[in-house]
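Participant: Sequence order for the protein chains is P and X. Everything in the first sequence is counted per the UniProt record's numbering, starting at 1 for the first residue and increasing by one. Everything in the second sequence is counted per the UniProt record's numbering, starting at 1 for the first residue and increasing by one.
Honestly, the hints are just simulated from the structure, not real lab data. On a predicted model such as this, the values are computed, not experimentally measured, just so you know. In this text, a Cβ means the ideal position worked out from N, Cα and C, and glycines have one as well. Mixed in with the good hints there might be a few duds.
As the list claims (entries may be wrong) - Only some residues are given here: those of chain P computed to face chain X with a beta carbon under 10 Å:
{"hint": "1", "residue": "49"}
{"hint": "2", "residue": "195"}
{"hint": "3", "residue": "199"}
{"hint": "4", "residue": "242"}
{"hint": "5", "residue": "333"}
{"hint": "6", "residue": "334"}
{"hint": "7", "residue": "437"}
{"hint": "8", "residue": "461"}
{"hint": "9", "residue": "627"}
{"hint": "10", "residue": "628"}
{"hint": "11", "residue": "629"}
{"hint": "12", "residue": "631"}
{"hint": "13", "residue": "639"}
{"hint": "14", "residue": "653"}
{"hint": "15", "residue": "655"}
{"hint": "16", "residue": "681"}
Number of protein chains: 2
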Amino acid sequence: MHLKRSLLGSNLDSQSDANICFLMLYVTQSKIPGVGFVKIHAPWNVLCREAEFMKLKIPTKKRYEVKQSRGFVEKISSLVSKVLDPLHPHVEDHQPKNIKHLSHTFSREKQHLVITSFFVLSRKYFGEKIGLYFAWLGLYTQMLIPASLVGVIVFLYGCATVDDNIPSMEICHPRNNITMCPLCDRVCSYWKLSTACGTARASHLFDNPATVFFSIFMALWAAMFMEHWKRRQMRLNYEWDLTGFEDEEDHPRAEYEFRVMQKSMSKDQKSQHKIGVTFAIVFGVILYRISTKAALHMSSNPTTRNNVQLTVKTTAAIINLVVILILDEVYGAVARWLTVLEVPKTDKSFEERLIFKTFILKFFNAFTPIIYIAFFRGRLVGRPGSYLYVFESYRMEECAHGGCLMELCIQLSITMLGKQLIQNNLFEIGVPKLKKLIRYIRSKQGAFQEEERQKKLQRYETDHFLEPFAGLTPEYMEMMIQFGFVTLFVASFPLAPLFALLNNIIEIRLDAKKFVTELRRPVAARAKDIGIWYNILKGVAKVAVIINAFVISFTSDFIPRMVYQYMYSPDGTMHGFVNHTLSYFNVSHFQDGKETMDPLHLGYRVEICRYKDYREPPWSDTPYEISKEFWTVLAVRLAFVIVFQNVVMLMSDIVDWLIPDIPKDISLQIHKEKILLVDLFMKEEQGKIHILESRPSTGGKENCSRSNNNNSTVAHPRSGLHTNSTKSF
Amino acid sequence: MHLKRSLLGSNLDSQSDANICFLMLYVTQSKIPGVGFVKIHAPWNVLCREAEFMKLKIPTKKRYEVKQSRGFVEKISSLVSKVLDPLHPHVEDHQPKNIKHLSHTFSREKQHLVITSFFVLSRKYFGEKIGLYFAWLGLYTQMLIPASLVGVIVFLYGCATVDDNIPSMEICHPRNNITMCPLCDRVCSYWKLSTACGTARASHLFDNPATVFFSIFMALWAAMFMEHWKRRQMRLNYEWDLTGFEDEEDHPRAEYEFRVMQKSMSKDQKSQHKIGVTFAIVFGVILYRISTKAALHMSSNPTTRNNVQLTVKTTAAIINLVVILILDEVYGAVARWLTVLEVPKTDKSFEERLIFKTFILKFFNAFTPIIYIAFFRGRLVGRPGSYLYVFESYRMEECAHGGCLMELCIQLSITMLGKQLIQNNLFEIGVPKLKKLIRYIRSKQGAFQEEERQKKLQRYETDHFLEPFAGLTPEYMEMMIQFGFVTLFVASFPLAPLFALLNNIIEIRLDAKKFVTELRRPVAARAKDIGIWYNILKGVAKVAVIINAFVISFTSDFIPRMVYQYMYSPDGTMHGFVNHTLSYFNVSHFQDGKETMDPLHLGYRVEICRYKDYREPPWSDTPYEISKEFWTVLAVRLAFVIVFQNVVMLMSDIVDWLIPDIPKDISLQIHKEKILLVDLFMKEEQGKIHILESRPSTGGKENCSRSNNNNSTVAHPRSGLHTNSTKSF
């Protein structure tokens, strides 16, 4: 009875107790100790009435064909699907045989675990809500294919042009003998710019004009993806007969009613704390990195020093990853705790608030270190002679020559790959398996003749050992963070879509496997859309435009190069760019106690060293002041951000406006169905007139009951069958 | 019969010819020659079926009260409405007497021409579409009240602080003896900065820190207005029983079908031309202004010269206004012509395309001169010694000292006031009156004993002399352009909302008068929303954020003042700002033939004159090069644009997110109605069970007809009465 009530939702009032007599309850004897199963049998008329409540639709008898408008896009997509055909295991769609296969269930067959057609089957078995998740995941993965293709082309362009890149050529040139200022106080010494040759060459891979194009492309890609999803959702709504379906108002949650009764609605005022903790931890990581670097620099062993950069970067990135993974779990709990404190009224609002909080926390968790590297590393360094110090002893980190883009890349790839491989795939499959094992062992301890029983267990008893279904939130969350990696910093890491694509191809299969074999079959739920996730996607896509604009203009050297080429270069080429970006420093101006202990490290006495900044030389009227070039470059950088942001936003709006939300064939289909309905109605009307003509009027009441009788025949068309008088639910 | 068909829409097929017998046609003898009237009488059952098609709803018998949640906002609004009470003529709402009054019609009573309650009555008389227009206009006007209040406060703040403004004090100070470079070649001479005192003081009225606050306020105001309109629309949809209503698919237009038959779909490829013409004309206006100015400067009469600035500005603004008014009509015709060329498929798409084209053309027509003054005047001037010339003889215009903001103000106020007064009110009322007169005179020429007939004319015959209804497009268009004036350049003209408010108070009355007394009663049309106009509003609000950001940072002197105060000022005050913004020019560097003819105009020999720009002085290494200060100010300006745009957009999104789209009482009401429906349904169900119990089953067919019979009783609740089987239209 409890199950039945929960299925019916809020529509059952006290009057509905009359229906109990319709349900037949069988209590079956379970072979598992402590667990009982109740089998419920609902007769046809009870099911019919529930179908009316839920506005389920019945197919029409009359079938009609709608002409397919085959545009250019569809031709391409059919070509793509032909090319990708080997990737899709052969599944005969819409065949009852297949559906039977899947609903036979918990079978370990891999036949159905395909990218794009799984959602058709999953809807039949899991209900529309999970069906929509797989449909969304399928579309996302499909859309990642062109994105990763273009990303790879951009990366290859970087590889191909690395030898033509004048700034890295200048840095690597053997005749280049620019002496750089020490990177840390006292223990570090002067160094030759040519030692940064490798880094400079590597950063060209990710910092070339093609990345600008790619980040515009990805912003439009995101807009296109949203639009395509809207259309796909519309199509699914139509195909799954959800066009008239509206979300029911939820019950108030039991906890909410309890708390209202207690009149102790404690408000959430502690979320500031949590965000504080996040920043504290992130700051801790920054401190670690500064100290590690200083310590490694301290050892004057030259071989160590060569490996310093790479070691620190990589270990720091890995530590970051571990911290992110641990905090991810912590934040999940924190978000849940905060939402429980808030006591939202309905289950739906509870879920939405929880999702929103979790997303914000996990998003900042995943992206804070990356944002730090992209926008704050190497900005607040100060200058030789007056460096900025944290806690009076730690100098702020500097980036290696060639911008912070390289480090951003390393951090991004390690976080992204690590998060996906470890958290998503290992955890997602490993943990349920482990839990299943524990559950199995536990029940074994209580039972004696386990093996005998095992053979006799009913299917619902074996299923009971599976992990219960915990909702789609973790699955969506993971994909949202991935979407963030794909769009937010794509200007600095064009391979992100490729990694995401590879992950998702595995992910779909693992998810499907998990849902079918590792979890109890979830209660089917209907849903018209993916709810709050769509808004989150939209938000991420919006933020991505701004972040990409800033990455291109501030993290990469794109703007300074442009400014040099068109404003300062004597011959209109990039020759002399490296020299132009380096300022002069007179060694005698070092603060006392800060100068290097090994001034003759390079073998000669250094009087003037160089550092990467736009400042006046020591011999100018205003030594070490910020120079005119700095302001020029800054102005151009900011102008670029404005132009980029507005142009991309405008283009996204145009994409949004050009692609209609409802696919043309679906709107045509709906229109034809309407006409069909009117057609039928008119026929009925005519029939009525004939009857009226043949038989003179016998009173209004007769007429009324007849017309109602007619309607019960009319009401068959597919788009129109919510049976009488329940249609406005 | 034709009228009937057009009312029924697309639902009538060939089968419906059977219905003709239901309609009774009376051909009445008209007293106007050449005009015939047909009176159609449709019996009750035909009307009922049409009501089913149109999903009209019937009120429930059961009434219930929904508790009003009186929040803080509602308290304020009730306070506001109390304060404004004297403004509203006393109309007894929802009283049948009043409705009868209005539907008695074409009466010249002014009782109903009220701001906020007219739409309630207008819906009953004109239909939902026109009702929505008046509702929208009412809300817009209401929302303008706080905006204009704040605008006036900002303006008064400017007035109050004008004497404390250090830059204008410095300019006006008698000891100030800065010699400025000539404003034009040869005929102009050097001038004292102190003569610009008046302009400098005036521009402070519109260029003070409060304007920055005001433009942020107005951006949020626009977001708030959108949200409120969404809510109001939702409420009206509920109150006018449109919740289940969906726009019908239109017929293809007759012109479309004709053209498709001809297979000569000529595409619109000439719109570029038209935009070209716009720019050509605007450019012509600019040229006129340059030449007028030069001519006026040429006359060496000192009194003329003093009046030069104001005369030119005002005459140019008036000429601009006339050009705008003429072009507005031209553009309306051009847009219609272009849309006809495009041959859109349905009437709805025709209307939408026409509106979009007309809006774009009229918008650019109204705002091009203003955009020119705000962003291009005085930017491309060059510098003394190498001015920029158009056509080799006309020097580009400079702004008076104190920024172009003052001129922008004059242009804005003249365009706005002029457009509103002349075009909207004079034309709107005058032209229909004129046309009515012409129509009347024409029909008089053909008739003889007019006076006798006049007395005997039926009401529908007198109505025939009125102007036919031409759609709501001009009314909405006018308001959209006004919304543009209110939001786009509000940073430079805080009084715009006040002017708009004053105009609208008249406008509503004039519109209502026009609709009731000057136009034939339009065919009532249902509409759920204001359609494309909402998107246009949204677009204008988006553009407004960016334009305001640019006005504040580039047109006003806000940013240079800030930069001076925090970066260059020796004592942290504004003292010395004027001197800082002026560069030095050595008179001997004038090009040959360009130097002034009257070098001793000021009574002494000038060697160094000053001009408004950030350039290096003649004695620096790089004379007349753009200076570091210029780049600093530019960078800060651009940074301000980025910060302003993103902060305001974020705040707008938050406003959008915080205010729910559906008012809480409406959603509660809908929820309660659902419960009521379930309640009724359950009672019916129970009744059925009782009958079943008392009488053993006599077969499925009996059961079916009975349940249908029950439903015809159930189907009364207000939210659910589209009678059976038509509900999916």
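Participant: Report the numbers of all earlier hints that the structure fails to satisfy, in ascending order.
Facilitator: Failing hints, ascending: 2, 3, 4, 5, 6, 7, 8 and 15.
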